[in-house]
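Protein chains: 4
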Amino acid sequence: MKTAAEYEASLRELNLNVYQFGKKVENVVDDPIIRPSMNAVAATYDCAHKPEYEDLMTATSHITGKKINRFTHIHQSTEDLVKKTKMCRLLGSITGCCFQRCVGMDAMNALSMTTFDIDAKYGTEYNKRFLAYLEFVQENDLVCDGAMTDPKGDRSLPPHKQPDPDMFLHVVEEREDGIVVRGAKAHQTGAVNSHEIIIMPTISMREEDKDYAISFALPSDAEGITYIMGRQSCDTRKLENGNIDRGNVLYGGHEALVVFEDVFVPWDRLFMYKEWDFAGQLVEQFASYHRQSYACKAGVGDVLIGATQTIAEFNGAQKASHVKDKIIEMNHLNETLFCGSVACAAEGHKEKSGTFLVNTLLANVCKQNVTRFPYEISRLAQDIAGGLMVTLPSEDDYRSPEVGKWVKKYFKGNDEVDTEDRMRMLRLIENLTLGTAAVGYLTESMHGAGSPQAQRIMISRQVNLKEKQKVAKRLCGITKDDE
Amino acid sequence: MKTAAEYEASLRELNLNVYQFGKKVENVVDDPIIRPSMNAVAATYDCAHKPEYEDLMTATSHITGKKINRFTHIHQSTEDLVKKTKMCRLLGSITGCCFQRCVGMDAMNALSMTTFDIDAKYGTEYNKRFLAYLEFVQENDLVCDGAMTDPKGDRSLPPHKQPDPDMFLHVVEEREDGIVVRGAKAHQTGAVNSHEIIIMPTISMREEDKDYAISFALPSDAEGITYIMGRQSCDTRKLENGNIDRGNVLYGGHEALVVFEDVFVPWDRLFMYKEWDFAGQLVEQFASYHRQSYACKAGVGDVLIGATQTIAEFNGAQKASHVKDKIIEMNHLNETLFCGSVACAAEGHKEKSGTFLVNTLLANVCKQNVTRFPYEISRLAQDIAGGLMVTLPSEDDYRSPEVGKWVKKYFKGNDEVDTEDRMRMLRLIENLTLGTAAVGYLTESMHGAGSPQAQRIMISRQVNLKEKQKVAKRLCGITKDDE
Amino acid sequence: MKTAAEYEASLRELNLNVYQFGKKVENVVDDPIIRPSMNAVAATYDCAHKPEYEDLMTATSHITGKKINRFTHIHQSTEDLVKKTKMCRLLGSITGCCFQRCVGMDAMNALSMTTFDIDAKYGTEYNKRFLAYLEFVQENDLVCDGAMTDPKGDRSLPPHKQPDPDMFLHVVEEREDGIVVRGAKAHQTGAVNSHEIIIMPTISMREEDKDYAISFALPSDAEGITYIMGRQSCDTRKLENGNIDRGNVLYGGHEALVVFEDVFVPWDRLFMYKEWDFAGQLVEQFASYHRQSYACKAGVGDVLIGATQTIAEFNGAQKASHVKDKIIEMNHLNETLFCGSVACAAEGHKEKSGTFLVNTLLANVCKQNVTRFPYEISRLAQDIAGGLMVTLPSEDDYRSPEVGKWVKKYFKGNDEVDTEDRMRMLRLIENLTLGTAAVGYLTESMHGAGSPQAQRIMISRQVNLKEKQKVAKRLCGITKDDE
Amino acid sequence: MKTAAEYEASLRELNLNVYQFGKKVENVVDDPIIRPSMNAVAATYDCAHKPEYEDLMTATSHITGKKINRFTHIHQSTEDLVKKTKMCRLLGSITGCCFQRCVGMDAMNALSMTTFDIDAKYGTEYNKRFLAYLEFVQENDLVCDGAMTDPKGDRSLPPHKQPDPDMFLHVVEEREDGIVVRGAKAHQTGAVNSHEIIIMPTISMREEDKDYAISFALPSDAEGITYIMGRQSCDTRKLENGNIDRGNVLYGGHEALVVFEDVFVPWDRLFMYKEWDFAGQLVEQFASYHRQSYACKAGVGDVLIGATQTIAEFNGAQKASHVKDKIIEMNHLNETLFCGSVACAAEGHKEKSGTFLVNTLLANVCKQNVTRFPYEISRLAQDIAGGLMVTLPSEDDYRSPEVGKWVKKYFKGNDEVDTEDRMRMLRLIENLTLGTAAVGYLTESMHGAGSPQAQRIMISRQVNLKEKQKVAKRLCGITKDDE
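Residue numbers (full-length UniProt numbering), protein chains in the order written: chain A, 1 to 483; chain B, 1 to 483; chain C, 1 to 483; chain D, 1 to 483.
Just so you know, the hints here were simulated from the structure itself, not pulled from any lab data. One or more of the hints may lead you astray.
Copies of the same chain are indistinguishable here, so a pair counts whether it falls within one copy or spans any two.
[To be verified] Result set (EDC-like, lysine to aspartate or glutamate): computed pairs, CA atoms no more than 16 Å apart in a straight line: (1) Lys274 to Glu174; (2) Lys470 to Glu313; (3) Lys152 to Asp209; (4) Lys352 to Asp396; (5) Lys405 to Glu261; (6) Lys23 to Asp119; (7) Lys473 to Glu420; (8) Lys409 to Glu420; (9) Lys152 to Asp415; (10) Lys23 to Glu240; (11) Lys161 to Asp415; (12) Lys480 to Asp418; (13) Lys238 to Glu52; (14) Lys67 to Glu54; (15) Lys409 to Glu261.
Whenever a hint applies, use it, and build me the whole structure from the sequences.
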């Protein structure tokens, strides 16, 4: 297993084609806006070496028997699934943001099943290929970006009917040694902190869409791949002097649009190729795993609750009964999120390939709550923080020889707290509820791993209404035979 | 293990002193208001003999190695705890009401730990006594009422300061062969369907309250015990002709005030006697188990969802997008309740006695949601059911030679549904949201196993705020040492 | 203006054909189940004679200039509309239930406009007829049932396509002196306490439905009309000894199915006859007024809040911060309901006929909140009331020589409160949240004046989305012309 | 009345001492971060000259009889109060942000009453002074900052007990021609766009605090006043090239800390001086008016709803039933906010001074909803907008010769929409839910005019619980006399 330093070093060896603010980023690792997101991924390496986290952060490879980072592991039991839930929450609470590495883990676990099932139907060898690839990932302790979301263009049309065929990533040429693809993947979390990128289709497909039913893995700096960084609320504060106004002075996240301009994929990295009838399964299994992963938001919630309790103390308001009650409510909602992720893991089961899959109904229920409760937790945090969170002068004012004294004097809270500490804590809450981290804690909670409506459709499909109707009829004395 | 018929027969042998509507009930088992509640308990026997439920409904006794009804089992693993959650949901969905038997199970599991811990501190022999009693219960497959809630009188005073000393059950005499107690337990679910009654203190106590720190078990028909039946919304519909207006034609619940008027308790049935410092632990452990048990409400929720989907179909409205969306929401909330109960079980742990206890933080989170979501599920059910649920004429009108034809004609829903079936389904929804079953599905969800504020206090105690504050401080750059 | 006693006497002169529990009710006024609902209507007479309520309860007729009961008034100003809101709340808070008389007021106000508009288009004389009828109602201070809701049968079909043509009330014969109608109106609040019944169509219609586009008024005991009483949760408690268990010992509500079996309507009582293109307008205007009328639920909320505060005091819990906070929340929600009704009244406007109509967007917003907040207020009331609300023994137990002493002893709350008073208050809360009054406070709040989805459709129609989009485009710099 | 251009010119004549990012702002009016907030205030001038807004935006001075901008008007009727509500919503919907001018209007209206009442008790001449000042404001059509919130220091101590006496603004010297004050006012909305600043005390006071019980008005550039600008989420985007990423390309808001370092106040500008017993009244009356003013958020809500509907269309999702339903919900919540502000205005009354005051209970209910619903409206907007809102590349990327083509290609929505327009609309939603406007729409909705708990305390004080309890007792048959 790599150390955090080795991880950073390995990133420096990549030759990524990254654009930000209209310019090519020459040094991705040291870019001040990107670097905090690299730090967050590095925490997934760092924690794996800490004895207190070893049980959650590491696992034993089912293919090599070696100790590996759990982020590269294929779940072998419900215990593994529950540990994944806890690892996600742990890292959320350590970084206070999106640590980006779960998506590759979820992609690999889904592929471990779908490749097996395709082979069973078509006699192909995708699973063997995939396992070889998995060993490579585990041996080198790599970060993989799991890339699913296509731009989609006109949402009322299937891939093959789009006016612009590239709105879904697809094969444009078949060669002896592999294929050539074109298209893009949007909202790619942690893309430029990844060694590899794993492509999956984004929706169920029909036969006419078979050119779009492809899954493969490539090095992140393969020729023809371009990354265009998304911008976040308050992103440029990372370019300013000082660090107070950043809120989270250590970590962050990022998303990017990843463009594939005629990129070559060798055969041995292809895990699905035109088996359109398996696209839907791969999407659903990946989505279920990834909805479980949102346990991370309970970890970020831990940070926000801790920050809120601290600012209540700094404000001298921590004993007010309404403040205590709001803190309880924040915890209650946060633990309800955790319950969902634990429950779908504990209720997991073994699939034919041997991989353990979460309970998909409960995974969707888990994620659906994630689209709601962080917003309410965030609202309560703003309630307790007070209006100063959004009217606080800048760090430069605080350090100014002319007006710094007034900032210091008038924004002092209770007697034992430095104004600077109060400012820092307010900026952290701003960061989590309006700033760079709000992107992850709120909007990504809404749309990541599927927007709320996607979960509702899945819930609707997975509950057994007929069975519930049967018991209702029996209880009220309707005796006629049911269909 | 007893069959349902044997259970009913065994109840007939009891000589209970029961009052209802100001009169002594001569034949408890056949009383039309009480009988549906007996039927619900009988279902816990019946299901234990069905192969499809065997895994959930039965267990292997850790003291005798015999196959027993899970309701008499002491949990030996987290798997046992999860099965308990599922058993509770199953029976809730089979009966559509409170099946009353979980409270004794929860009392016994709590006593298996507390008696062990008292012995460890004081060198007493409570655990041995308790295990002997447990074997008796398991061998005879008995229903035990777990009785905790005292009337409490003036809530601002501890037991020993109450103007009326009987407001908490207490010892009034110590004899050679045992003790004599006086007091009462309120809100006793399923009391008159029980063979045994297990008494526990209702709050933490101080030394001055030691006469109140007692726990024991007695036959339900021990001399000096009187049961006064509580009444429920719509209870007397069970006395009417026909069965449509009852809603649930098979099952029900009941609560009673249980009065102890100088009742003798032999030493070998005493499990705590004046060890006031263990009263709080017993309360908390029982409460944690019992908060988990509210998985049953997800089962009742299954019935209500099934009924609502069916009435939507009967009304011809099942395809309206808002109806489908409300059904999804009902399911989402219902499964969120289930997640809480599964999670606190899966996250359980072994206590010193060997008994497995649920995660108490998550058990409280589970129950807190139970105080909210059934009300919203119920509101949505009323939304879809339509106003007819509360304006429907009586069954007698439906069967009337004069006006029955009009009831039949004008309350017909879609073409393929009999008016009677529509009436039955509406009455079931009325039953669950306003009638006898609403007592269990709503008000008992609110107060059973502790009112919402009790869970909030426990949540507040069990979350580690200091730890959360530490990470928040680190992330925003506050480096000073924390207390 | 009639007194309450004169009102009761006038009812005794009616010869209504009423069925309940399958039997004809020989003496409607003194029937123990119906009488409390008569009492509630009588309160609308009684209050009109009290000086303190005169301003709200009376008005000056715009046709005769005489002082009249406001329930028979046509609104002449926004001040009138606001007074109507306050009158509804006042009576809700006096009776704690549905007082039934608003629906006729709303029907007459809607007809005052629609008859005017029909005449303007078709040169008919409906408005003149209507004003003559109105004068008769005002002079005799009558209660009119405003009857809109047809059984509707298969909801996917318009009236003229129903397999059973009677599922919407319609003309079956045209005679020289009038017409003959057949059909039924469901959920008729206060029907058997009314002197008159005013029929309106229930939906927008097309030309093919013109036989269904009729509106008229008849004496409630006209030949061919039959009333079949709907039953309510806990209705038969009114037949029991004592009055504690009734909760509300004075008032109640009722609904009935009203069947028209070939009933004759003279021409001078017809206010719309086949003008299908005005059916929709009449429905919408009536619905808007009636949605405003739900201010009454803020009055019932006043009672429930008062009861909850009182039981908190009886329980000795009124100083707990969470109890105080919940009472505040109940008030906040209740006053939000009131704001909606005040706002739609204050923002009313004069229609062509001279009648003032409420702001229809805000009236729908008002009612939409009524479908939500009473449920939450009710949940909070149950929270504070405690579980005893549903486990309390009957009044007969309380009065029993054998067990009454124990009920008295063990259900005593704080030292200064009689157990009987505590029981009475708990039964009132039960009545409002599960019993007869819950029918009005909850389910009728949901469906009365249109189910929630009906309001949502109206809200969707009435907001000006295009205008909102225009400002959004301007603000973000989209300069292209919009359609 | 001034035009917008005259307003801007008048600001240029001020000599304000403003700091931002640690540096003195030399040209406040043209500062790129501040200017959009000036534009928003200028809209209050501009609209007053538009015929279509004349009725809402102007009034007739009750002291001079001249036509004035309503922002300088003293309300003479409930009609005036309702027009104020509508003016606030109008300007919110025109600017999509905080237009800052209501606070001075609310301060002047409160002072018109409190000065009158002080005079009545103490025979002072504050009201005369105030009216002279008011005439000056009306004649010159000035913007006044109404400044109430002191830093407050240790919240458990009254002003005179603070370790640092300046934590509440107070008199430090009394001179022949006036007084000298020291202290600060925090969170001052629109401070540097104001001609005048009106100071009020921030809490109820006791006699020992009388040096803090002062109210006065001064030119905003009086000697000794320093403004330190607060920073907002995404504030520096206004410094970037292009305008897409700003979201709202026209308007904004700002807050500042205003420091009073020994500032001289002449006697004729003092409106309260040591009359500590009137501090509470002034606070409550100002707060009530200002809580009404939050009708502006319904205006901002209009913008957000318009933006959300537009992005739904751009995304091709506007016909999905869940999208339509969410838009309805946003409108419903937004109109409920409006109802509260209309209702407290329509229910206003005349105070002794002749000024009309809103209904204070309903004003608090109005504001309490404002602390909740914008958060939910915002959450729904993010739901419909999609994740792209937070992963969109910068405008520089869009305009880049290298990668602009891909941004254009892959972020195209439906066929008829330019990618640039889609970006603009997404940035506007980002602005309102996470960016500079979220400061006003969310956090200021929470804390402006008092944090939620302040409203709850007022609601608790203003409802008549005793009256509600009386009716509850009557209805359940408790006949004993009440206290």
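Here is what the structure says about each hint:
no.: 1; hint: Lys274 to Glu174; result: within (12 Å within a copy, 71 Å between copies)
no.: 2; hint: Lys470 to Glu313; result: between (54 Å within a copy, 13 Å between copies)
no.: 3; hint: Lys152 to Asp209; result: within (13 Å within a copy, 46 Å between copies)
no.: 4; hint: Lys352 to Asp396; result: neither (60 Å within a copy, 49 Å between copies)
no.: 5; hint: Lys405 to Glu261; result: between (56 Å within a copy, 12 Å between copies)
no.: 6; hint: Lys23 to Asp119; result: neither (44 Å within a copy, 67 Å between copies)
no.: 7; hint: Lys473 to Glu420; result: between (65 Å within a copy, 12 Å between copies)
no.: 8; hint: Lys409 to Glu420; result: within (11 Å within a copy, 46 Å between copies)
no.: 9; hint: Lys152 to Asp415; result: between (56 Å within a copy, 12 Å between copies)
no.: 10; hint: Lys23 to Glu240; result: between (19 Å within a copy, 15 Å between copies)
no.: 11; hint: Lys161 to Asp415; result: between (67 Å within a copy, 13 Å between copies)
no.: 12; hint: Lys480 to Asp418; result: between (74 Å within a copy, 11 Å between copies)
no.: 13; hint: Lys238 to Glu52; result: neither (32 Å within a copy, 46 Å between copies)
no.: 14; hint: Lys67 to Glu54; result: within (10 Å within a copy, 39 Å between copies)
no.: 15; hint: Lys409 to Glu261; result: between (57 Å within a copy, 12 Å between copies)
The structure is inconsistent with the numbered hints 4, 6 and 13, although it conforms to all the rest.
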